[in-house]
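**Student:** Got chain A sorted already, so can you dock chain B with the ligand onto it with the hints?
In case you want the letters, here they are:
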Amino acid sequence: MQRSIVNSYELRNDFPIFRKKINGKDLVYLDNASTTQKPYTVIESITDFYSNYNSNIHRAVYQLAEEATKMYEQSREKIANFINARPEEIIFTRNTTESINLIAHSWARLNLKKDDGVAITEIEHHSNIVPWQILSQEIGTRLEYVGIDENGFLDLEHMIELISSKKIKLVSLSHMSNVLGTIVPIERIIRIAHANGIPVIVDGAQSVPHMPVNVKNMDCDFLVFSAHKMLGPTGVGVLYAKKEYLDKMKPFLGGGDMIKEVFKFHTNYNEVPYKFEAGTPNIADVVGFGAAIEYLEKIGMENIRKHEIYLTDYALESMLSLKYVTIYGPRDPKDRGGVISFNIADIHPHDLATIMNDHGIAIRSGHHCAQVLMQRLDVPATSRASFYIYNTKEEIDKFVNAIKEAGRIFKI
Amino acid sequence: MSDDIYREIILDHYRNPRNKGKLENADVTVHDSNPLCGDEIDIHLKVDGGVISDVKFEGKGCAISQASASMLTELVMGKDLKIVKDLKKEEILENIGLTNLGPARIKCALLSLKVLKVGMVKYYSENDPQSAEQISSESSLY
Ligand SMILES: Cc1ncc(COP(=O)(O)O)c(C=O)c1O
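Chains as they are written, first to last, in our numbering: chain A, 1 to 412; chain B, 1 to 142.
A couple of the hints might just be wrong.
As the list claims (entries may be wrong) - Result set (SDA-like, lysine to any residue): computed pairs, CA atoms no more than 20 Å apart in a straight line: (1) LYS404(A) <-> ARG7(B); (2) LYS107(B) <-> ASN357(A); (3) LYS60(B) <-> GLY366(A); (4) LYS398(A) <-> MET1(B); (5) LYS398(A) <-> ASP3(B); (6) LYS260(A) <-> GLU66(A); (7) LYS60(B) <-> GLN375(A); (8) LYS411(A) <-> ARG15(B); (9) LYS25(A) <-> GLY102(B); (10) LYS107(B) <-> GLY366(A); (11) LYS21(A) <-> MET1(B); (12) LYS60(B) <-> ASP378(A); (13) LYS411(A) <-> ARG7(B).
None of these hints come from the bench; they were simulated from the model.
For reference, chain A alone in the conformation it holds in the complex:
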């Protein structure tokens, strides 16, 4: 087993929440696929903004507002740089969900027509399913699902078949599953889609926080992700889109900031990215997101990925040594992110989560906003442990011991 370069034991001191006790125990936070904890630098940058720079952006000429605008736009630059995009290709939204809805509303609704196919996959989060169902109801597009095999890998042949069938006009898929951890061969899929003239939306909610993602290399047309899943605050999401798309897209919301000139009966819209950021944005949290990006870059995304492979490898090995544990998704940590969905004999995930809580361990139980995948796996729910930079080998030991404890309580 390879070692990790990230010193998670030391890093933990950067996160105030780890001073908290749950049932008298140290908090073991293993719900990072849902949302992550925040380091001091992020929390302090938000306090600093409100204490020293608070004002509205893009509108006033006094010094305070100029400073605030600069901080907001610097965050945009950091994020652009982080995924190798240009700043004007970065739109701030509230979260991944809003970003996908923006694309559905401002691009797909206007560029697709009745009977055009939209291909998604069985691993999608509800946020990459429901907007396409709504679109189908509105304009008659047809939703197609690419399946998975028993190990949680995408049925690539089916994907290719669909893409080449000429019926599909848009592909939208997760880069990394939030349930199985499966990392999909995104570059290959995009290459084939582009060869057929089909744009691709990548849901990077799970991949961008955990591995290097480079939009130029990947060549995706759209990429969406959420700040809160990568050490940043809640309430900030990102939509990256190639400029050629943004230029042609219609506004999502109308109002202040997204306009150049407003007349009684018509408006000239602002240029991108501002055309898509109507109203006063979440300025302080965008600034906080910038601090999160700096923190991640200091550690290095390659190192983060290696650390998670190391933890996942160790966790899978320890869990598989217990006969009564069923694990979903790929076995090789190289094929998956640090997300492990599992079940233990006849213990319902909610009962397991209650037992884990006795030990200060936070895991998720339920359908993980992926009910289509649950139906495919034919389970009502799973338990899920998901890791990040601050998780340690020792925490995995505590987690595995708590699984054994659950086995004892349930007399398995």
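**Tutor:** Just chain B with the ligand now, kept in the frame of chain A:
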């Protein structure tokens, strides 16, 4: 803590539920689920002369929701249907020996009671519309 929750009796009712299954010729059947957990409960009632002559449940979910449904059917079997309106959540939690649950898990424990109460109201509105309104207004949801 969990040792107090998952006692022998809860595990027994979870793994060997009483009165589980469909009820042919049921007078009412009611379904509900807990969207957070995905727990599901169906309750079938047969009522003769105002008395619950048979009750069965179907469902899937966590040990707490399923064991409490099983125990609830035992509690009301053969009783006057009207007593359902007076069942209090505290009584139910005491009956199943789970008085120390957190807010999220209490919903699991009380799902079957909620379904049973809806079933009672439904029975009266279909079979005895005059008393239905009064009974439904007297019956606190929990
Ligand atoms: C793969 C994936 N897509 C989308 C989302 C939605 O993210 P948000 O709730 O921040 O919009 C999530 C979050 O759980 C996710 O894991």
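**Student:** Run the distance test for LYS60(B) versus GLY366(A): straight-line Cα separation, threshold 20 Å.
**Tutor:** holds, 13 Å
**Student:** Below or equal to 20 Å on CA atoms is what counts here, so check LYS398(A) against MET1(B).
**Tutor:** holds, 17 Å
**Student:** For a C-alpha distance cap of 20 Å, please report whether LYS411(A) and ARG15(B) respect it.
**Tutor:** Given pair LYS411(A), ARG15(B) holds - Cα atoms ~11 Å apart, limit 20 Å.
**Student:** Are LYS60(B) and GLN375(A) close enough, with their CA atoms no more than 20 Å apart?
**Tutor:** holds, 15 Å
**Student:** Sort out whether MET1(B) lies within 20 Å of LYS21(A), counting only the CA atoms.
**Tutor:** holds, 16 Å
**Student:** Is LYS107(B) close enough to GLY366(A), meaning Cα to Cα at most 20 Å?
**Tutor:** holds, 15 Å
**Student:** Given the hint that LYS404(A) pairs with ARG7(B), does the C-alpha gap stay at or below 20 Å?
**Tutor:** holds, 17 Å
**Student:** Measure nothing beyond the straight line between the CA atoms of LYS260(A) and GLU66(A); if it is 20 Å or shorter, mark the hint as holding.
**Tutor:** Answer holds: LYS260(A) to GLU66(A) is near 19 Å, not above 20 Å.
**Student:** Next pair to validate is LYS60(B) with ASP378(A); report whether the Cα-Cα distance is within 20 Å.
**Tutor:** Holds: LYS60(B) and ASP378(A) sit about 13 Å apart, inside 20 Å.
**Student:** Has the given pair, LYS25(A) with GLY102(B), been kept, meaning a C-alpha gap of at most 20 Å?
**Tutor:** holds, 18 Å
**Student:** Are the Cα positions of LYS107(B) and ASN357(A) separated by 20 Å at most?
**Tutor:** holds, 17 Å
**Student:** Given the hinted pair LYS398(A) and ASP3(B), is their alpha-carbon gap at most 20 Å?
**Tutor:** holds, 18 Å
Checked against the numbered hints given earlier, this structure breaks none of them.
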